[in-house]
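Here is what each chain is made of, one letter per residue.
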Amino acid sequence: MNLNLNQISYSSNENTEYVVEMKGIVKRFFNVIANDHIDFKLRRGEIHALLGENGAGKTTLMNILYGIYTPDEGEIYVNGRLVEIKTPRDAIKLGIGMVHQHFMLVETLTVAENLALELETSFLNPTEEVRLKVEEIMEKYGLKVNLDAKVWQLSTGEKQRIEILKAICRGANILILDEPTSVLTPGEVRELFKFLKRMASEGKSIIFVTHKLKEVMEISDRVTVLRKGKVVGILDTSKTNEYELAKLMVGREVIFELEKAPSKLSDPQLVVEKLNVLNDRGQLAVKDVSFEVRGGEIYGIAGVAGNGQKELVEAITGLRRVVSGKIYIGGVDATNRGPSAVRRMGVAFIPEDRKMGFVPSMSVAENLVLKRYRESPFSNRFFLNYDAIQLYAKKLIEEYKIDTPSERSPAKLLSGGNVQRMILARELSNGSEVIIAVHPTYGLDVGSTEYVRRLLLKRRSEGAAILLVSEDLDEILSLSDRIAVMFEGKIVGELPCEKADIETLGLMMSGAYARR
Amino acid sequence: MIEIKLEKRPLPSRIEAFTYSVISVVFALAVSGAILKVYGVDPVSAYGIIVFHVFGSLPGISETIVKLIPLTLCGVGLTVAFRARLWNIGAEGQLLLGAIAATGVALFSGDLPSYVLIPLMFLAGFLAGALWGAIPALLKAVLNVNEVIVTTMMNYIAIELVRYLIYGPWRGAKEWGYPITDEIPDAAKLICIPGTRIHIATLAIAVASVILIYILITRTTFGFELRVVGGNPEAAKYAGVSYLKIVLLSMIISGGLAGLAGTGEIAGIHYRLRYPESISMGYGFTAIIVAWLARLNPLLVLVTSIFFGGLLVGGYVMKIMLGLPVAMVNIFNGSTLMSLLLCELLLQYKIKFIVKRREMH
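Chains A and B, in that order, are what the protein sequence lines are.
Heads up: the first sequence runs through residues 424 to 939, numbered per our numbering.
Heads up: the second sequence runs through residues 229 to 589, numbered per our numbering.
A couple of the hints might just be wrong.
[Said to hold, decoys possible] Here are the simulated EDC-like pairs of lysine to aspartate or glutamate, each with C-alpha atoms no more than 20 Å apart in a straight line:
{"#": "1", "chain 1": "B", "residue 1": "K547", "chain 2": "A", "residue 2": "E856"}
{"#": "2", "chain 1": "A", "residue 1": "K687", "chain 2": "A", "residue 2": "E911"}
{"#": "3", "chain 1": "B", "residue 1": "K465", "chain 2": "A", "residue 2": "D703"}
{"#": "4", "chain 1": "B", "residue 1": "K465", "chain 2": "A", "residue 2": "E469"}
{"#": "5", "chain 1": "A", "residue 1": "K617", "chain 2": "A", "residue 2": "E469"}
Derived by calculation from the structure, the hints in this document are not laboratory data.
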């Protein structure tokens, strides 16, 4: 079948050093140059990191290699042969597989059925044929997945494993992973890295697309750094370090250690008492949660997604009803008061899903007053005052360095980082004393991440009480004063920042403490 | 082998959007022209005759304005609903409900003077249309029932309701058993421009509604909320905008304006309730295209209504002067909507044709 055929047809070329050579690749999108004469070489059996900020052209380059885009200029050699890759089908035939950030799986089918969908199998009883082949592959690379489980029952890490299996089953010898760790927990990342290394040692060549420096250092053999569509460095990982890579990637010095000056603590601004909240399915998702956040303090909540953080945040911000328990903001009861009332009490909310926080079809200016359009001077309750709105928007655009053609441009033209700046500008500029920030740097590049974190620390030193919910333990550790871990709806432990480390938090997140 | 790929384009400018609207109309004319040709009529001279009779003669112009009135009212209402991403397919039914209510008020409220009776009829028409819009809105906002299905089906309820009334309880005593109601009293009739059927009051209401709705959408907090709900319902929830309020109000406005159109048809043209297809020649459906061709801009609705009003009159010209079936108008409407949808795709995506060759070497 597929697998065997591919192995035979490409074994004749195994003497070439590079399995992929991309030469002088140019790709333009409406006069914007996404790839500017990029050269990229992948050696057999190596893990090659492709590093760059958002918009540096990593994904474009990989989409060209996978046949989703066709390059405007340049040549691609696979196993030493000049090829034209016009569709993903061409790429698959050449032994190239890609695992996207978003999985392409049928949730209601089993793992085996999903794999059978991808392969040419017999008409009757297709899963049996798949099973033999897949079990062989799982054995070889140490990839374990229960073939009879329905996909919706699986964790994100397991789904990603199916995607990798899918690519290998189709005969991929060259595997592209696009930001594979962005959806995984620390434990799952370790697992992923283990079998990536194993696959490389078995002769597969892997391209690892990322903007995370730590991962580059940990997993890759070599690294190609992109900035603004150009290659700015090709290095052996063993001969470089995070600082050098960051400088190459961003184009300037980056300060990793944020200065966290001790700040003056004031009274508790956000108090949560024995809170119980249901999820969408009517099950108890938050169980007897109590904590308080004082002014001038960042309270971090760590935990794997789906352990009640979403429901907790929605309850505090008034988006979800509370079953029992109390929420106090600045000493005033805010339980079940609804989102508008909670906001007026001085709560800023940076939502987990950026899509929730803005309206793409409306202008940047309108988005900047999304929560305040009813207030003076932006309106007199009935008529909007566009002069005031635009004046205010111009000020915020400058202050928060939002990169937009004008304040009247629709927000959908902004990049992800600039959308986040826009949301932060709106939420942090009205002097709210309580800030709820959920994954505030999710998907942002190094420069924007640094900016967002500085901003949060600045509001902290100004006396705001900040609740930080994140899965990114580095972020929690570098920002928080106190850290709580949520597991299955409960807070299973709370530590001052000085006593917390990744290992302890990781254990707590996995539920080890809860079971004792 | 040739492969076709779609690539995303940058945001279209206003000029591009306008150009594509014009292209889509030209394309529709070409498609209809081809059908005319098959029918044995020369499309160029046929279009010439139609344009001449519709826009070049007084009866043509005045009849175009007569058709423009309900199209504008329904079309403007639909821009409100569509902006909130509520697919109101029920303007036809909402118009008929307005017609029923207006007739009811005119027939059964005794001897009222004109200046009381006519405002009352418009009010009743608005409320009845609004009610017909509010029902699917409530179902949508509270129970998340698909508004396309509910509004579509409620058209049939409205049509059958009209039939029931004219065959049953409201059948006119002085009409020798014909399925129509009695004529409404003179005090309930609108003044028309002499020699035409243009009922000025409704025309004025239509033009005013265009301006008012434009201001409502672009300049008010309600319009802001409407666009937030339409642009991103999740963000609306996050910003504390009440979904129920916006859905309900926008459908009340949408339905109410269609109801006003129904009132105008009764008080200005028919003076009685009659077969639903006689009261409205599908104004509520045509208004969907009117609103889309105007790109949901209320001011442009006035322009597109002129076009489609002329088209409806053109249907008569085709029938009388060229001996063609009126169904040609429906064919034209259909092909316009289809080519509009196609142009929407072309506005957002660039189509690339890729010629597949053998691998090199």
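Check: Hint by hint, which ones does the structure fall short of?
Finding: 1, 2, 4
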